[in-house]
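Peer 1: So the sequence shown is numbered by our numbering: it starts at 1223 and just counts up by one.
For the record, the hints were derived by calculation from the structure and aren't laboratory data.
Hints are not guaranteed to be accurate.
Claimed, not checked - In the DSSO-like style, the derived pairs of lysine-lysine whose C-alpha atoms are separated by at most 30 Å in a straight line are: (1) LYS1263 with LYS1238; (2) LYS1353 with LYS1263; (3) LYS1249 with LYS1263.
To be verified - Label-pair restraints from in silico Cβ distances: (4) GLN1329 with VAL1259: 33 to 43 Å; (5) GLU1235 with VAL1343: 27 to 37 Å; (6) PRO1230 with ASP1298: 31 to 41 Å; (7) SER1351 with GLY1240: 40 to 50 Å; (8) PRO1230 with GLY1362: 45 to 55 Å; (9) LYS1312 with ASP1252: 34 to 44 Å; (10) LYS1312 with VAL1339: 36 to 46 Å; (11) GLY1362 with GLY1254: 40 to 50 Å; (12) ARG1280 with GLY1225: 12 to 22 Å; (13) GLY1240 with THR1300: 18 to 28 Å; (14) LYS1312 with LYS1238: 38 to 48 Å.
Ideal Cβ positions, reconstructed from N, Cα and C, are used throughout, including at glycine.
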Amino acid sequence: MLGIYKDPIKTAESIKNGWLYTGDIAKKDDDGYYYLVDRQKDMIISGGENIFPQEVERVLNSHPGILESAVVGVPDPTWGELVKAFIVPKTDDLTSEEIERYCLGGQRLARYKRPRVIEFVREIPKTASGKILRRLLKSGNT
């Protein structure tokens, strides 16, 4: 790869000493297999703790009353960022309290990773390929 098309600034940020830095965060298991965890730019830092949106979304999406979810960090003067979840419910009777109980119950999610702000929406904005448009969610332009 020679660079990012017509963007020398992003090219300089992405290519260092001949290596391409994608911003992907991966983990390696005991058998030597690698797994993509999330994107570095999507990571939420709350009270000094790193929170990966995909981890929180996996828990939320396992709730029987949730069709889909998207998680972003929103500014907070005390913690730096808070976890905000956008939820597409399957029914109209799902509550924020039920979601919090579900996240904390059964050790599904550490307390600091739970969504502190929940917004119910009709749909999650996505690209044509189905990738969540987190920047739209963060900006409030959904």
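Peer 1: Please go over all the hints and tell whether each is borne out by the structure.
Peer 2: Results of checking the hints against the structure:
1. In summary, the hint linking LYS1263 to LYS1238 is supported, as the alpha carbons are separated by about 18 Å, within the 30 Å threshold.
2. Proximity of LYS1353 to LYS1263 is assessed by CA-CA distance (about 14 Å); at most 30 Å being required, the pair is judged to hold.
3. For a cut-off of 30 Å, the pair hint linking LYS1249 to LYS1263 stands: about 16 Å separates their Cα positions.
4. Range check, GLN1329 to VAL1259: about 19 Å between beta-carbon atoms, so the 33 to 43 Å window is missed.
5. Distance hint check for GLU1235 and VAL1343: the Cβ-Cβ separation is about 32 Å, which falls inside the suggested range of 27 to 37 Å.
6. In this structure, PRO1230 and ASP1298 meet the distance hint of 31 to 41 Å, their C-beta atoms being roughly 34 Å apart.
7. For SER1351 paired with GLY1240, a C-beta distance near 29 Å fails the hint of 40 to 50 Å.
8. Against the hinted window of 45 to 55 Å, the Cβ-Cβ separation of PRO1230 and GLY1362 comes to about 31 Å, which falls outside the hint.
9. Taking the beta carbon of each, LYS1312 and ASP1252 are about 37 Å apart, inside 34 to 44 Å as hinted.
10. Checking the proposed 36 to 46 Å range against LYS1312 and VAL1339 shows it is violated: the Cβ atoms sit about 21 Å from each other.
11. The hint said 40 to 50 Å for the Cβ distance between GLY1362 and GLY1254, and at roughly 43 Å that hint holds.
12. Checking the proposed 12 to 22 Å range against ARG1280 and GLY1225 shows it is violated: the Cβ atoms sit about 34 Å from each other.
13. Distance hint check: the CB atoms of GLY1240 and THR1300 are about 42 Å apart, inconsistent with the given range 18 to 28 Å.
14. Distance hint check: the CB atoms of LYS1312 and LYS1238 are about 45 Å apart, consistent with the given range 38 to 48 Å.
The structure does not agree with the numbered hints 4, 7, 8, 10, 12 and 13 stated previously, though it agrees with the rest.
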